[in-house]
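Asker: So the chains spell out like this:
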Amino acid sequence: GQQVQQSPASLVLQEGENAELQCNFSSTATQLQWFYQSPGGSLVSLLSNPSGTKHTGRLTSTTVTKERRSSLHISSSQTTDSGTYLCAIDRNMGYKLTFGTGTSLLVDP
Amino acid sequence: ETAVFQTPNYHVTQVGNEVSFNCKQTLGHDTMYWYKQDSKKLLKIMFSYNNKQLIVNETVPRRFSPQSSDKAHLNLRIKSVEPEDSAVYLCASSKRRAGTEVFFGKGTRLTVV
Chain A
36 GQQVQQSPAS LVLQEGENAE LQCNFSSTAT QLQWFYQSPG GSLVSLLSNP SGTKHTGRLT
96 STTVTKERRS SLHISSSQTT DSGTYLCAID RNMGYKLTFG TGTSLLVDP
Chain B
391 ETAVFQTPNY HVTQVGNEVS FNCKQTLGHD TMYWYKQDSK KLLKIMFSYN NKQLIVNETV
451 PRRFSPQSSD KAHLNLRIKS VEPEDSAVYL CASSKRRAGT EVFFGKGTRL TVV
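Line order of the protein sequences matches chains A and B.
When we follow my numbering, the leftmost residue of the first sequence carries the number 36, and every step to the right adds one.
When we follow my numbering, the leftmost residue of the second sequence carries the number 391, and every step to the right adds one.
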């Protein structure tokens, strides 16, 4: 089965609302990374967070390693946040990321 | 500018042709990867190299062959492309260690007609 599962599959928000994205994984991970993929396709690393809580700008990620889950909170969403958010884990000491299927976010003005 | 650079951005070719994609990273990393993103947007590892050595080869058809001249370059050649090879190919790099962060290029979109 899918080793990395993300929910929800899609999300529609009004500008200014907050978003909570979930990532669950079925095996231990030495690394967990959140990525943003724009509609044009570029993949940008947002946060590297194998455990604990990390913040950058309007993004907060919390990873509970023992429970094999991570969340990405986007506060005060903007239309430019629209795109796909991907969670990926590494179980191989830096040789291989396994990606989830992503959450497609649409922020309406 | 330090980043992962891929060429070309797009490529359209006919079934049976050979194609090559180039990737260079200027981040000083020692590990490079090729990932494939299919029409359903699922990203899957194809190959990873550490210091020019092949480390991961994920059940990729033999018509795909990665080529690494040094740890900053990892090219991908596809001999005799097939329709199912249409996808976005993403190159990435990182420093090999636990908890490493992986950085991606902008991808090469291949269309096989």
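Keep in mind that the hints were calculated from the coordinates and are not lab data.
Bear in mind the structure is a predicted one, so any value in this text is a computation, not a measurement.
Glycine is no exception: its CB is placed at the ideal position from the N, C-alpha and C atoms.
Among these hints, one or two may not hold up.
Okay, derived cross-link-like pairs now, BS3-like style, lysine-lysine, Cα gap no bigger than 27 Å in a straight line [as the list claims (entries may be wrong)]:
| id | chain 1 | residue 1 | chain 2 | residue 2 |
| --- | --- | --- | --- | --- |
| 1 | B | K414 | B | K496 |
| 2 | B | K434 | B | K469 |
| 3 | B | K469 | B | K496 |
| 4 | B | K469 | B | K431 |
| 5 | B | K426 | B | K461 |
| 6 | B | K496 | B | K426 |
| 7 | B | K442 | B | K414 |
| 8 | A | K101 | B | K442 |
| 9 | B | K496 | B | K430 |
| 10 | B | K414 | B | K461 |
| 11 | B | K461 | A | K101 |
| 12 | B | K414 | B | K431 |
| 13 | B | K461 | B | K442 |
| 14 | B | K434 | A | K131 |
| 15 | B | K414 | B | K485 |
| 16 | B | K469 | B | K442 |
| 17 | B | K434 | B | K414 |
| 18 | B | K461 | B | K485 |
| 19 | B | K485 | A | K131 |
| 20 | A | K131 | B | K431 |
| 21 | B | K485 | B | K431 |
| 22 | B | K461 | B | K496 |
| 23 | A | K131 | A | K89 |
| 24 | A | K101 | B | K414 |
| 25 | A | K89 | B | K496 |
| 26 | B | K426 | B | K469 |
| 27 | B | K461 | B | K430 |
| 28 | A | K131 | B | K469 |
| 29 | B | K461 | A | K131 |
| 30 | B | K434 | A | K101 |
| 31 | A | K131 | B | K442 |
| 32 | B | K430 | A | K131 |
| 33 | B | K485 | A | K89 |
| 34 | B | K496 | A | K101 |
| 35 | B | K430 | B | K469 |
Looking from chain B toward chain A, a few residues come up when the C-beta cut is under 8 Å (computed) [unchecked claim]:
| id | residue |
| --- | --- |
| 36 | T421 |
| 37 | K469 |
| 38 | E472 |
| 39 | G489 |
Asker: Verify the proposed pairing of K485 (chain B) with K89 (chain A), using a straight-line Cα cut of 27 Å.
Answerer: OK: K485 (chain B) and K89 (chain A) at ~21 Å, within 27 Å.
Asker: Taking 27 Å as the top limit, are the C-alpha atoms of K434 (chain B) and K469 (chain B) close enough?
Answerer: With a Cα-Cα distance of about 20 Å, the restraint between K434 (chain B) and K469 (chain B) holds, given a limit of 27 Å.
Asker: Need the status of pair K131 (chain A), K431 (chain B): alpha-carbon distance at most 27 Å?
Answerer: holds (18 Å)
Asker: Sort out whether K414 (chain B) lies within 27 Å of K442 (chain B), counting only the CA atoms.
Answerer: Holds, at roughly 13 Å.
Asker: Check whether the Cα positions of K414 (chain B) and K485 (chain B) lie no farther apart than 27 Å.
Answerer: The given pair, whose Cα atoms are some 14 Å apart, holds under the 27 Å limit.
Asker: Assess, step by step, whether the Cα of K496 (chain B) is no farther than 27 Å from the Cα of K101 (chain A), and give holds or violated.
Answerer: Violated, at about 34 Å.
Asker: For the pair supplied as a hint, K485 (chain B) and K431 (chain B), is the alpha-carbon distance within the 27 Å limit?
Answerer: holds (26 Å)
Asker: CA of K434 (chain B) to CA of K131 (chain A), is that 27 Å or under?
Answerer: holds (9 Å)
Asker: Please verify whether K461 (chain B) and K496 (chain B) have alpha carbons no more than 27 Å apart.
Answerer: Holds, at roughly 19 Å.
Asker: Run the distance test for K469 (chain B) versus K496 (chain B): straight-line Cα separation, threshold 27 Å.
Answerer: Holds, at about 23 Å.
Asker: If you take the shortest Cβ to Cβ gap from G489 (chain B) to chain A, is it below 8 Å?
Answerer: At 5 Å from the nearest chain A Cβ, G489 (chain B) passes the 8 Å test, so the hint holds.
Asker: Is the Cα-Cα distance between K469 (chain B) and K431 (chain B) 27 Å or less?
Answerer: Status holds; Cα separation ~24 Å.
Hint compliance for this structure: hints 8, 11, 24, 27, 34, 37, 38 are broken, all remaining hints hold.
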